[in-house]
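**Q** Okay, here's what each chain looks like letter by letter:
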Amino acid sequence: MAQSTATQTFERHADLPPPVMAVGVLGWLRTNLFSSIANTILTIAAVYLLYLAIPPVINWAFIAADWVGATREDCTSGGACWVFILARLNQFIYGFYPELQQWRVNLAFGLLIALFVPLFVRNFPNKAWVGSFLLFGYPIIAFVLFYGGILGLPVVSTDQWGGLMLTLIISAVGMVASLPLGVLLALGRRSEMPIVRAFSVAFIELWRGVPLITVLFMSSVMLPLFLPEGVTFDKLLRALIGITLFESAYMAEVVRGGLQAIPSGQYEAAKALGLNFWKSMSLIILPQALKLVIPGIVNTLIALFKDTTLVIIIGLFDILGAVEAAIKDPSWLGYAVEGYVFAALIFWIFCYGMSRYSQGLERKLSTEHNR
Amino acid sequence: MSNETKSAAAHTPSRTAIWNNPTFRSLVFQAIVLISVAAFFVYIVNNTLTNMAQRGISTGFGFLDLQAGFGILMSLIEYDETHTYGRTFFVGLLNTLLVSFLGILCATLLGFIIGIARLSRNWLIARIAAAYIEIFRNIPLLLQILFWYFAVLSALPSPRQSLSLLDLFFLNVRGLYLPAPQPEAAFTAVGVAFVLGIITSFLIARWAHKRQDLTGQQFPVLLTGLGLIIGLPVLVFAVTGFPLTWEMPALQGFNFRGGLSVIPELVALLLALSIYTAAFIAEIVRAGILAVSHGQTEASFALGLRPTLTLRLVVIPQALRVIIPPLTSQYLNLTKNSSLATAVGYPDLVAVWAGTTLNQTGQAVEIILMTMAVYLIISLLISTFMNWYNKKTALVER
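Protein chains in written order, with the working numbering: chain A, 1 to 371; chain B, 1 to 398.
Keep in mind that the hints were calculated from the coordinates and are not lab data. Given the structure is predicted, the values throughout are model-derived calculations rather than measurements. Warning: the hint list may mix true and false statements.
Said to hold, decoys possible - What the simulated footprint calls covered on chain A by chain B, stretch by stretch (three residues with Cβ under 8 Å from a Cβ of chain B suffice, anywhere in the stretch; the number is not a length):
no.: 1; segment: 13–22
no.: 2; segment: 164–176
no.: 3; segment: 342–354
Claimed, not checked - Just a few of them, taken from the derived set where beta-carbon distance is under 10 Å, the chain B residues facing chain A:
no.: 4; residue: Asn46
no.: 5; residue: Ile113
no.: 6; residue: Pro140
no.: 7; residue: Asn337
no.: 8; residue: Gly355
Said to hold, decoys possible - Covered by chain A, per the in silico footprint, the following chain B stretches (three or more residues, Cβ under 8 Å):
no.: 9; segment: 49–59
no.: 10; segment: 297–304
no.: 11; segment: 362–376
All C-beta atoms, glycine included, are put in the ideal place defined by N, C-alpha and C.
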């Protein structure tokens with residue numbers, strides 16, 4: 001204990017600035033990149049690798065690339081030949097759809113976007129009506145526009161459909177058809193009726209156990225054998241059936257997860273209110289269960305979207321098929337990388353968009369505590 | 001019909017009509033389902049038999065004994081044109097299993113590295129890992145396979161200008177060439193030593209665990225185990241006079257001879273499968289590690305466990321419980337996705353069996369059913385394992 005009796009006036013010293021190395025850009029760099037020797041080495045190695053990888057790619061894709069022209073003779077600079085993509089863009093988007101009729105495709109997709117936008121706008125009136133029109137009315141309009149045959153529209157047979165348009169059609173049909181089928185299968189799997197449960201389990205496990213490609217082979221080789229003489233199915237329709245059945249099994253498992261997460265009190269409460277099975281499911285259980293599994297559903301939809309590329313193996317020309325065909329065209333040999341990069345970019349934009357949207361939804365609907 | 005049900009209702013003592021009785025309703029509903037499914041199958045089988053009879057396709061598995069008459073690019077068992085269709089099935093099956101096994105190995109390794117990098121405190125490393133995941137997860141696998149095969153591997157130089165690493169590994173448009181190990185007879189002793197090492201270290205681990213439970217004394221299991229598994233075979237290898245030589249690939253004429261050659265189809269498929277699946281595995285690993293709450297680590301520190309022990313005894317076992325089930329389903333996905341091999345012509349089960357053999361014999365029903373059965377059996381085996389593991393590691397609650 002100090003025995004000093006001298007009175008000392010306490011003078012508050014002005015605050016010192018924080019150490020230069022702890023705040024601002026330098027502080028950030030130090031904590032995030034150079035916090036230890038090992039980290040510093042990692043950072044330097046990563047920067048070096050990026051230096052090796054990024055500039056040549058940028059140079060190839062943008063700086064040394066050719067953008068204008070019509071034939072391969074216009075690609076002289078040694079970089080990417082985007083002329084090839086631009087020259088074949090129509091085929092990549094519409095496949096072999098007759099050029100004069102392409103307005104029909106544009107109109108159908110324009111209508112789709114116009115109907116979709118209100119669903120993303122908060123407080124838009126009559127959202128439910130727009131949604132149900134999108135689900136039940138729109139497909140008919142779209143089919144009439146794509147296929148034609150009435151209202152003076154010439155018929156465009158499905159083997160002329162192709163490119164991005166076909167990819168979108170297959171995934172949209174797959175998505176719309178596999179969700180209700182998946183919900184039914186999930187309900188069947190959790191049913192108390194042994195026969196219904198057994199069939200649902202068998203169906204789900206069968207489709208989940210085999211690769212999509214064998215399902216597509218089956219639908220293209222075996223389906224014609226299953227049907228009576230004279231009845232033939234369109235190749236596209238066969239692929240659609242295969243994809244829908246396959247994805248509905250995955251959807252069923254996702255939905256089952258949601259159903260299992262609903263506490264049994266909810267089921268009991270619905271029964272106590274006197275609701276029958278379908279009413280308790282549609283009013284009480286499913287709205288909660290589906291909300292819970294939105295991320296899982298979107299993941300399944302993304303998988304479905306990527307899986308649509310497999311239709312090229314049974315001879316349909318989706319966007320990847322169109323790119324493949326263009327790459328093998330003798331007048332454009334040697335531009336495979338550009339073609340694949342273009343197709344990859346299209347798929348990436350759609351899939352990444354969907355996954356970001358689902359993350360946003362998850363955050364919006366989340367009721368958990370976040371650290 | 002309605003009279004009958006009415007009279008039945010009149011006889012029952014309870015006042016509810018029989019069509020409102022839940023048991024009766026569920027019985028009727030199930031009967032309807034059963035009959036309609038059965039009718040559906042009868043219809044299909046009937047149609048199929050008629051159609052096949054009309055097209056002159058014979059049913060049955062007799063074709064398995066016929067001579068196949070086509071060559072296969074790569075085979076793990078002895079095979080040429082004179083072998084039977086039955087043998088092409090096994091060639092394809094083994095090729096599928098080979099690519100799945102190698103793919104699972106590579107994808108797991110890459111996936112764990114990237115998953116951990118994604119959680120790194122180093123901002124740049126975490127960003128690169130995130131970019132990797134977002135890029136490769138969102139591009140269809142088929143596109144990636146085609147890209148590696150047609151855009152990258154086809155653009156490689158000819159054998160004369162091969163890319164080489166230390167003059168041991170060569171990569172060119174014809175494939176990848178590696179030195180091939182040539183074990184002599186005495187090499188089996190090394191293998192025996194390896195197996196012995198695994199068995200003894202397993203036994204030692206059990207003994208040490210029991211002793212620790214009884215007395216609290218610890219035993220350096222990891223070091224002894226490593227010594228037994230690695231040291232013992234190396235010792236035997238040295239004692240027997242290094243009975244292993246390497247056959248080097250060498251350029252002869254227009255191509256490489258000797259060594260182990262890997263066809264470009266396999267390289268492309270393996271690259272695409274590993275890179276694609278690794279992106280998913282990385283996310284699983286990340287989620288698994290994040291799922292162990294920080295309180296667990298803190299509690300373990302409070303108990304006085306050192307960081308390495310905390311990781312080994314507290315964090316990893318709990319993270320694995322979250323990681324293993326989705327990881328097995330990724331393995332399953334990889335195995336099923338290996339069927340995309342048919343797009344680049346790697347002779348897997350789908351390409352050889354459901355492709356070439358189907359086209360030659362026309363036995364669509366038998367061949368597709370056999371193919372699907374193979375994948376179904378693999379996936380049922382894996383999901384049985386997963387259920388067993390889930391049950392074993394499930395949290396035991398009050």
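**Q** Indicate, hint by hint, whether the structure satisfies it.
**A** Hints and how they fare:
1. 13–22: violated (count 0)
2. 164–176: violated (count 0)
3. 342–354: holds (count 6)
4. Asn46: Cβ of asparagine 46 (chain B) sits 9 Å from chain A, so the hint holds.
5. Ile113: 12 Å, violated
6. Pro140: At about 4 Å, which falls below the 10 Å cut-off, the nearest Cβ of chain A leaves the hint on proline 140 (chain B) intact, so it holds.
7. Asn337: Hint holds; asparagine 337 (chain B) Cβ to chain A Cβ min 7 Å, cut 10 Å.
8. Gly355: 9 Å, holds
9. 49–59: holds (count 4)
10. 297–304: This one is violated; 0 residues, fewer than the three required, reach chain A with a Cβ under 8 Å.
11. 362–376: This one holds; 7 residues, not fewer than the three required, reach chain A with a Cβ under 8 Å.
Violated hints, listed in ascending order, are 1, 2, 5, 10; each of the other numbered hints is respected by the structure.
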